[in-house]
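**Student:** For reference, the chains in residue letters:
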Amino acid sequence: MKAYHKVLMMIASLSLGLLFLFPMWKIYLQAPQYPEGLEMHIWVNKISGDTEGSLQNFNILNHYIGMEPIHADSFAELKIMPYIVIFFMVAGILVALLGKRKMVLSWVVLLMISGAVGIADFYMWLNKFGTNLDPSAPIKVPGMTYVPPLLGSKTLLNFDALSLPAMGSLGIGLAILLGGLVYFFSRSTVHVKTSKKVMA
Amino acid sequence: MKSLFNKFKNVAPAAAFIMAVGGGAVLQGCSSGPGEGSATAAGVSSDAAQAVYVAPGKHDEYYSFLSGGFNGQMSVYGLPSGRLLKIIPVFTQHGENGYGYSEESKAMLMTSHGFVPWDDLHHPKLSRTNGMTDGRWLFANGNNTPRVARVDLTTFETVEIMEIPNSAGNHCSPYPTDNNEYVIAGTRFSVPLDMKGGTADVSMNEYADKFRGSISFIKVDQDKGDMELDFQILVPGFDYDLANGGKGPSSDWVFFTTYNTERSGTLKELGASQNDRDYLAAVNWKLAAKYAAEGKAKEMPAYYYHNKMDKDSHMAKSTIKKSVRYLLPEDCPGMMYLIPAPKSPHGIDVDPSGEHMVVSGKLAATIPVFSFSKMQQAIKDKAFDGEINGIPVFKYESVLKAEVPEPGLGPLHTEFDGKGNAYTSMFVSSEIVKWKLSDFTVVDRMPVYYSVGHLMIPGGDTHTPDGKYLVAMNKITKDRYLPTGPELAHSAQLIDISGEKMRMLLDFPTVAEPHYAQAIKAERVAPNSVKFYDLAKNTHPHAVKKESDASVTREGNVVRVKMTAIRSHMTPDNIEGVQVGDTVLFHVTNLEQDWDVPHGFAVMGANNAETLIMPGATQTLRWVPKKAGVFPFYCTDFCSALHQEMQGYIRVSPKGSNVPITFSTGKKKPAA
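Taken in order, these protein sequences are the chains called E and W. In short: position in the first sequence from 1, add 42, done, that's my numbering. In short: position in the second sequence from 1, add 3, done, that's my numbering.
In short, the hints are calculated from the structure, not lab data. Beta carbons: idealized from backbone N, C-alpha and C, even for Gly. Any given hint could be a false lead.
Derived SDA-like pairs: lysine to any residue, alpha-carbon spacing no greater than 20 Å straight-line [what the hints assert, rightly or not]:
hint, chain 1, residue 1, chain 2, residue 2
1, E, Lys44, E, Leu219
2, W, Lys549, E, Lys44
3, W, Lys199, W, Asp181
4, W, Lys549, E, Thr93
5, W, Lys670, E, Pro111
6, W, Lys534, E, Glu94
7, W, Lys670, E, Leu152
8, W, Lys548, E, His105
9, E, Lys182, W, Gln647
10, W, Lys61, E, Ala73
11, W, Lys549, E, Ser116
12, E, Lys182, W, Leu645
13, W, Lys540, E, Gln98
14, W, Lys540, E, Ser90
15, W, Lys199, W, Lys377
16, W, Lys61, E, Thr93
17, W, Lys534, E, Ser90
18, E, Lys182, W, His572
19, W, Lys548, E, Glu94
20, W, Lys61, E, Gln75
21, E, Lys68, E, Met109
22, W, Lys658, W, Trp598
23, W, Lys325, W, Val561
24, W, Lys377, W, Ile323
25, W, Lys549, E, Ser90
26, W, Lys549, W, Asn560
To give an idea of the chain W side of the interface with chain E (calculated C-beta under 7 Å), a few residues [as the list claims (entries may be wrong)]:
hint, residue
27, Arg570
28, Gln596
29, Asp597
30, Leu645
Here are the in silico distance ranges between beta carbons for each label pair [as the list claims (entries may be wrong)]:
hint, chain 1, residue 1, chain 2, residue 2, range
31, E, Ala73, W, Lys524, 28 to 34 Å
32, E, Asn101, W, Gly659, 42 to 48 Å
33, E, Asp163, W, Lys549, 27 to 33 Å
34, W, Gly659, E, Met166, 58 to 64 Å
35, W, Ser501, E, Leu193, 49 to 55 Å
For reference, chain E alone in the conformation it holds in the complex (with noise of 0.2 Å):
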């Protein structure tokens, strides 16, 4: 690996940092009453909103429904995550100062994995906070569950919910994508070196 790999493989790792900066993940709500909008707003340590009150607004119009609260405490892996976002970033730089091309493969595909879990983990808990409701909540429509879009928009009685990445997820692609180049760029590199050897 030539030095430039080795920036871009930093370059990569710290990407992740945007995890910490931005969400993960944004779910809009625009209704009659909330022409303003309603932001809740997924990190990698945390859930808030567009304002300082936006979860408990969430959870007020949830809770006629009969949707459990959500609480930044309810979830493990707002704990855990972090730590995990921490042990790529470190693995990664030590990849790139290691200069192993292999490894670097092994960072790239170990981090899919782990986008992709988290990505299910997401749709799972949207599933189950969208359709495990209060039997005895105010409002009951037979039928209906209010599972939040995954990605794109949906119609939820008087919600149009819609789900977006944002900033942070940035930060994952960035590093799987940079990840790939310097695999991808390292692998030119050394097929060049070979054929030198070989010229000579």
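Go by the hints and put chain W onto chain E.
**Tutor:** Chain W in isolation, oriented as in the chain E frame:
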């Protein structure tokens, strides 16, 4: 009679003059039936509807603040639509939201006379920066029991009320200087001061000798707006009617109209109308402040209340002030002068250049305009015509710039458009008269219905008026709207003053009796409007910030209920253990942190109002149950789809009963 009147009215604006003479009788005769406005089409612009139409969902261009007069409140209207946006309670208890009823807000209405639940609010004045309205605060006077209030324009709530000692009828009040250095308040009634903070027990026959007026100088904190009575000037025993500050060259000065310079103590409509000339008092406030700072001020005992609302606890607190500093004009040369003005003048208004002082003498045939530069010269030349209580009186001609000839009948107030024009309200001839400051000639007239008092142009009292609209506030309504029995809403009229000719755009009814008003571009206020209070910053001693902290505790015969409200339940909503005769204090905290979700709280049979609690705030309703039984309470503000379910019960047992204090919501909680 009616059709004749209509024809007559429509013929020519000049008819207004003749109308004025027999006005009262004619109007009476014509409004006996439920007919429509007798001069509906006069002067109404053909595209008026378009000019005032603010489409659904769109905002008005201006906020306007119209005083409520005898309702003691302030009304907020959007302009040009004339839509009522809010009534801000200031000096009067407001059952609608519990102002003056809740334990937190009662202190706002405390005075040296005890709790005064009402006042007469005449003049709103916006705070100023560099002579321009800045949209931070609105000051207003309480006329009856002298007080000055401050409304915070981020919350549209009254946050401070200061009582004014040595004053009676706080009418020429409050007038902020160019940078809110001072808010100045003058007394309407002169009273016999006992020099101990009260009025002396003397015979009214001693008016001329014993009665004095006062002008108060309230210092304003530049950042927070907090008021403090710095000093007063004790002035001759006239009636002080209206005031306004100078601008530019005259910005160190404030001018007051006076009447009853005859010092009559009875039947003032005659007694105060004998002299041909009363006075315009000119006070150099900067020099007065300097004299006060340099030790010319004496101190007298006083007793007055200063009430402030704490923004974090939402609790008002009263402080009793026990002394006041005062200056005597005779000790302070150069501080105060008197300018002879036509009999019983009303409004004094200074044009945007600061050079012209316009005195609207309600009984005068002309409008005298005084010159500030001539006044400066007259001071140098000592062009005086005697003195009163050591205050030099100018010669009329030495200060007079011009008289506006034949302006109309009953001039009251003047405002300016910043384009060289002045607009004067004519009470008797019921019209707005536009005249030029360059040659003092009348250039246009607009009849208004009926008998206009104050008029207002946004910024029309500052050095940078916004000469687009003029609002006429009329004292008589008669047939302008559908009849509503003997009591009618007062009428305001919106006039377009952007062109050469005035164009009548809109009538809109107003609340109680607007006297003066202020208006400001919406963009200077709207962006700062608070949406809700931060629950985390709530420092109310009895606030509970989460449901699990809600409690009911007994302290002797006081039962404290620390309750939370959130869509759509109150915690606790079942309360037992209260006894007849207990004082129950419901401290209700609204846990919402969302815009436009107030919760209300009311309990059956309470000799009290409801209380309306804004998100993040805590308010307390006091209730003394008089009989045993179960009493429902509920949320009074339709907060959510399950608002009707937002209710609870409190059980009251006979005195001495052994029912323990218990409380719960949903699942039972253990007793406290």
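**Student:** For every hint, state whether the structure bears it out.
**Tutor:** Here is what the structure says about each hint:
Pair hint E:Lys44 plus E:Leu219 holds up; C-alpha atoms about 18 Å apart against a cutoff of 20 Å. Taken as a hint, the W:Lys549 and E:Lys44 pair is broken in the structure, with Cα atoms around 58 Å apart against an allowance of 20 Å. Between W:Lys199 and W:Asp181, the direct Cα distance comes to roughly 33 Å. Violation of the 20 Å bound is thereby established for this hinted pair. Restraint check: the Cα-Cα separation between W:Lys549 and E:Thr93 comes to about 19 Å, which is no more than 20 Å; the hinted pair holds.
The straight-line distance between the Cα atoms of W:Lys670 and E:Pro111 is roughly 17 Å, inside the 20 Å bound, and the hint therefore holds. Restraint check for W:Lys534 and E:Glu94: the C-alpha separation of about 12 Å stays at or below 20 Å, so the hint holds. Distance hint between W:Lys670 and E:Leu152 is unfulfilled; the C-alpha atoms sit about 48 Å from each other, more than 20 Å. With a C-alpha separation of about 19 Å, the suggested pairing of W:Lys548 with E:His105 holds against the 20 Å cut-off.
Under the criterion of a C-alpha separation no larger than 20 Å, the hint pairing E:Lys182 with W:Gln647 is consistent with the structure, at around 18 Å. This hinted pair checks out: W:Lys61 and E:Ala73 have alpha carbons roughly 19 Å apart, not beyond 20 Å. Between the alpha carbons of W:Lys549 and E:Ser116 the distance comes to roughly 18 Å, so the proposed pair stays at or under 20 Å and holds. At most 20 Å may separate the alpha-carbon atoms for a hinted pair to count; E:Lys182 and W:Leu645 meet this at roughly 13 Å.
Distance restraint check for W:Lys540 and E:Gln98: the Cα-Cα separation of roughly 17 Å lies within the 20 Å cut-off, and the hinted pair is therefore satisfied. Between W:Lys540 and E:Ser90 the CA atoms are separated by roughly 19 Å; this keeps the pair inside 20 Å, and the hint holds. Only pairs whose Cα atoms come within 20 Å are accepted, and W:Lys199 paired with W:Lys377 is rejected, the gap being roughly 40 Å. Proposed proximity of W:Lys61 and E:Thr93 is contradicted: the alpha carbons are some 25 Å apart, above 20 Å.
Our distance criterion of 20 Å between C-alpha atoms is met by W:Lys534 and E:Ser90, whose separation comes to about 19 Å. The suggested pairing of E:Lys182 with W:His572 holds, with an alpha-carbon distance near 18 Å, which does not exceed 20 Å. Distance hint between W:Lys548 and E:Glu94 is fulfilled; the C-alpha atoms sit about 14 Å from each other, no more than 20 Å. Between W:Lys61 and E:Gln75 the CA atoms are separated by roughly 17 Å; this keeps the pair inside 20 Å, and the hint holds.
Restraint check: the Cα-Cα separation between E:Lys68 and E:Met109 comes to about 19 Å, which is no more than 20 Å; the hinted pair holds. Of the supplied pair hints, the one linking W:Lys658 and W:Trp598 is violated, its CA atoms being roughly 43 Å apart against a limit of 20 Å. Taken as a hint, the W:Lys325 and W:Val561 pair is broken in the structure, with Cα atoms around 33 Å apart against an allowance of 20 Å. For the hint linking W:Lys377 to W:Ile323, the alpha-carbon distance of about 44 Å lies beyond 20 Å, and the restraint is violated.
Between W:Lys549 and E:Ser90, the direct Cα distance comes to roughly 18 Å. Compliance with the 20 Å bound is thereby established for this hinted pair. Distance restraint check for W:Lys549 and W:Asn560: the Cα-Cα separation of roughly 26 Å exceeds the 20 Å cut-off, and the hinted pair is therefore not satisfied. Below 7 Å, beta-carbon pairs count as interface contacts, and W:Arg570 has one with chain E at about 5 Å; its hint therefore holds. For W:Gln596, the shortest C-beta to C-beta distance to chain E is roughly 3 Å, which falls under 7 Å, so the interface hint holds.
For W:Asp597, the interface hint holds, since its Cβ comes within 7 Å of a Cβ in chain E; the closest pair sits about 5 Å apart. The restraint placing W:Leu645 at the interface with chain E holds, with a minimum CB-CB distance near 6 Å, inside the 7 Å limit. Evaluation of the 28 to 34 Å hint for E:Ala73 and W:Lys524 yields a pass: the beta carbon distance comes to about 32 Å. The hinted range of 42 to 48 Å is satisfied by E:Asn101 and W:Gly659, whose Cβ atoms lie roughly 44 Å apart.
For the pair E:Asp163 and W:Lys549, the supplied restraint of 27 to 33 Å holds, since their beta-carbon distance comes to about 29 Å. A C-beta distance of roughly 59 Å is found between W:Gly659 and E:Met166, which places it inside the suggested range of 58 to 64 Å. At about 53 Å, the beta-carbon gap between W:Ser501 and E:Leu193 stays in the expected band of 49 to 55 Å.
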